[in-house]
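**Student:** Residue-level listing of the chains:
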Amino acid sequence: MKKIILTSMVLAMATSGVFAQKYLTRTGKVTFDATTPTSPEKIAAINNEVSTVFDAKVGNILFQVPVKSFKFKNALMQEHFNENYMESDKFPKADFKGNITNLSDVNFSKDGTYKTTVSGSLTIHGVTNSVTVSGTATVTGNTVMLKATFPAKLAEYKISVPGLVADKVAKEASVIMECSLTQK
Amino acid sequence: MRKNLLLTVLLTGMMGTAMAQKDNLEDMLEDKDAPKKKDFVTATFKATRIISSSSVENLGQGTLDFRISHRFGLLNQGYENTYGLDGATTHLALDYGIKPWLMVGIAHSGFLKEDDGFAKVKILRQVKHGMPITLSYMGSVSVQTTPAPTLPSVDSNKWFLSNRFYYCNQILIARKFSDAISIQIMPTMVHYNLVDSSKFSNNTFAIGIGGRVKLNKRIAITGEYYYRLTNADMTVAGEKTYNALSLGVDIETGGHVFQLMLTNSQGMTDRTYIAQTATNWADGGIRLGFNISRIFAIVKPKEFRGKEADKW
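Residue numbers (my numbering), protein chains in the order written: chain A, 951 to 1134; chain B, 568 to 879.
Because the hints were derived from the structure by calculation, they are not lab data. For clarity, every value in this text was computed on a predicted model and none was experimentally measured.
List time: in silico DSSO-like cross-link candidates among lysine-lysine, alpha-carbon distance up to 30 Å:
#, chain 1, residue 1, chain 2, residue 2
1, A, K1040, B, K603
2, B, K869, A, K1021
3, A, K1103, A, K1021
Taking the hints into account, I'd like the entire structure generated from these sequences.
**Tutor:** Below, the structure is given as structure tokens:
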């Protein structure tokens, strides 16, 4: 009898594990652009070290962005970004925790591109705001490509721009996410 | 019994699901196998120079820095000379970052008409919860381009080109103690190929100390002082020399850093400000000066190359 109980416990746990469909990447990409027409040069950066994990069963999604991994064309701009704007020693990570609100519209077992809406809390520079972003999820076999473009207002995240360069940095950065996740 | 069994299965099943969800996404993101990244301390100083002296900061790989520095005349020259603002010596420099740990530079200085070149190598980097200091080596060589003096026409009196060469070797040891405070110590050796008199050694050993205190994100107070351990009584062209002391302000404005200072040295090459500063703070022998630097990205980081680069 004990054996049966044990076996059924193991089985029950195993099956519940199988149903937890999770997708993961540690090499997701995020770029942003805060250039204005009066900027003397492009204010933009790429980060290829975004970690993203996504639970297809319940629609939970989590992004983590190591702020120091943003690469700029101009090394000095990169230093100023970390030192003065993002204070990345104090706030080393930016993250997003949320849910896909229209999970039922996405069929993870069928290849194709699906429109998705994600809402949750975005934390940048230690300040959390709730955001809703629409994007796409492209299913190809056991990978899902998540893409989204959204604006981030610098002031909402208490990122201060000094008066001297106020008109040379956009008040609102445009952020592009591209993460290709594989099933785990 | 059967009821019990069913209950157990159900319960365990629920527990399993609950656990699967609780073994939450954050745990999954934690990459336990990944080697722990070293958290290098950055921006010990705002610029590659504290004031006249090199700091442990290097230029980024592939960046060119065009620097223009001025040292005005002496403040104690009075109103008729606009407190020294009428006369200025200029130092024009081009620095380049070959590797993140290696930078080189060339420059021309109006003071004593001197051309110089240097290389700076980062050997140790300060790490959070690890290596306590950043250590660099800086070596520079300079040559005077003034015409050779007319010598008495005796065969043994030849004016060699090597007479005009000067060298400086420095170890830069710096620590960023907090966001605001950084200190740097510079054991230094300056070598003159030719000195005024055989009374003086060709080598001057000195120890420098420099530092900065950040007032806010963009403004910092800086200072540097060189104490000569040997050869402090050396005269150059008959003039007495003093230890160099400079106090300054760093102002950061987007693409460049503006450094404003009060100093008793007129020269901006390593050997001139360390070994032959000819005036003294005590009697007002100080001058205003500034360094401005403009940075250009010459070689793009690899993320900005290839077909996607057109967007940038």
